[in-house]
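There are 2 protein chains.
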Amino acid sequence: MKKLINKPEDFVRESLEGMAAAHADLIKVNYDPTFVYRATAPIPGKVAIISGGGSGHEPMHVGFVGKGMLDAACPGEVFTSPTPDQMLEAAKQVDGGAGILYIVKNYSGDIMNFEMATELARAEGNRVLNILIDDDVAVKDSLYTQGRRGVGTTILAEKICGAAAEQGYDLTQIADLCRRVNLHGRSMGIALTSCTVPAKGTPTFELSDREIELGIGIHGEPGRQRTEMKSVDEITEILTRSIIEDAAYSRTVREWDEDKGEWLDVELINPPLQKGDRLLAFVNSMGGTPFSELYIVYRKLAEICEQQGLQIVRNLIGPYITSLEMQGCSITLLRLDDEMIRLWDAPVKTPSWHWGA
Amino acid sequence: MKKLINKPEDFVRESLEGMAAAHADLIKVNYDPTFVYRATAPIPGKVAIISGGGSGHEPMHVGFVGKGMLDAACPGEVFTSPTPDQMLEAAKQVDGGAGILYIVKNYSGDIMNFEMATELARAEGNRVLNILIDDDVAVKDSLYTQGRRGVGTTILAEKICGAAAEQGYDLTQIADLCRRVNLHGRSMGIALTSCTVPAKGTPTFELSDREIELGIGIHGEPGRQRTEMKSVDEITEILTRSIIEDAAYSRTVREWDEDKGEWLDVELINPPLQKGDRLLAFVNSMGGTPFSELYIVYRKLAEICEQQGLQIVRNLIGPYITSLEMQGCSITLLRLDDEMIRLWDAPVKTPSWHWGA
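If you read the sequences in order, they're chains A and B.
With our numbering applied, the first sequence corresponds to residues 42 to 398, in that order.
With our numbering applied, the second sequence corresponds to residues 42 to 398, in that order.
There's no promise every hint is true.
Repeated chains share a single entry, so a pair holds when one copy, or any two copies, can fit it.
[Claimed, not checked] Calculated cross-link-like contacts (lysine-lysine; reagent style DSSO-like; alpha-carbon spacing at most 27 angstroms):
#	residue 1	residue 2
1	K43	K241
2	K48	K69
3	K271	K241
4	K48	K271
5	K390	K133
Think of the hints as simulated: they come from the structure by calculation, not from any bench.
These figures come from a predicted structure and were not determined experimentally.
Okay, chain A solo, but in the shape it has when bound (with noise of 0.2 angstroms):
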């Protein structure tokens, strides 16, 4: 293993000192319990964004604290879920009065903590509600999930809500946002090569110099299909073609009802594209892969869009949700709407994504 690390137990830790000793003026790093937080947090009357997961992704999540975006972002350790206490603290730290939304992805051990984490900060008199993102169409249920994974749709998510909190939304209207966002994005990867995680120093998974893992997970988890290597036309065409054919998703997930004062079960229903929809198309690299090849990947996903009769009015192209150095590509649609592409185009200013503000 050749990585620019220390000890591989430290990876996490001087990582996160490196972002606060290079964005003091953006985000300040607490580390026990860890999480990281916008410098002016907590704003008075604002309802305040957390999310969090395993490292290995970034930009996402510690990369977009700031404003327009995330409050905290609580990182675990490698590609391992934050615990309840990062969660609680964060919230604690950044609650400004109006609320919490908890952005989730679909994993096990994510959606068990934050639940945990909601009813602790709730025991503690926060107002907390946590969304999940479950957009990956490549698999149902998975090495750590059950449903479909989180993945791009989550980055997208964070951007919109987060502007959304900036300009005065309450919490249930974000939830309600953060809900919609999630039901309109699909997403779907691919992987060239596996990333290695520094504390274990192999690689997570082997592929031949001829293969690669249709459908992959941002932990490098199976996909759908281990298949020999193909162009990348051929590779953009089963990645969108999978995501446009995808029909409608339906599946229940546990929501905090406020009103209520307990979890329900809420059945929830991904509508499928449809003609004249007007898209954001995210080509996200998983790590590794240049820029050059996902201006490839989006060439052909602009094509085959155009002659779906998609429009794609946005885009977002680079790393951001990453995993470690992992070779590839992933691929998010998001059906959008007047207000998501004002929330979309509003200013954004934190460590990784810094736009108009």
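Since the structure of chain A is provided, determine the placement of chain B on it from the hints.
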């Protein structure tokens, strides 16, 4: 070779087609000869800034075309200099009547072709100056270079000179500023792995699982030393000390003298860094190294600078000047003055760099 490409010979063109499709609001692409230009160019009365070089270093240069940075970029084939006709046609496309600055990295092919383009453009009545960047302290003379190679400082010069052009500086002022940025910028890089040029299909060089290349060039040119893998703190210490302890570096470059109407040999000296200097610290990914590792590099870099009495007042961390999917990083330290800081902070809006605009 596993890459997200179709045919190797279509790599550059298809990547540019993807960029054109994704960023039609910011850039346009001309294909014969190939150059990327700002959608609103020419801008009457504004000096036009043009750069270029081999592809494979994205986002440099094509990702930096737009408001507050480049007016045009001329991409060659992968790791291959662009041709004079690309540079000439780009100049004619974006000339707003206030002259053109070519920013040229110090590689023999680039210099030869940009000098020829300068003469051709002058013959057609354009006013053109060109300034070299030669900031890599690792080695003197290299595979494609006489003197030092041009690396990370190029990005900083493009940002600072681009802002100056936006603010109405004239051509002579911008050329002087660009020369000053080069004289105050120093870089050095390191590779953990080689990259693979698509048309070749095999790694440019071989490194074992326990070796690194200190002082790597951005085309895989040999550096100072091939050595055993070290901790990130040791690596950062070597790179940073090499930069900080670099003595005054004197050399002669060819610059066009407008008064005399001929090329003159000009002696330039990089003054060494001194205690109390204010710095821009740039930690760059060579393409395949994740953000988390870059921040661990930054952590040690900041510590060393503080010990040395050097004050980091701005930073840039991420993949900006890359070598396809190479794993590794480079560090650039630029001594700032008030004018450079003001220009650094100015708005920029390009496909790959976007803030405050």
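*Which numbered hints are broken by the structure, listed smallest first?*
Nothing - there is no hint that the structure violates, so all of them hold.
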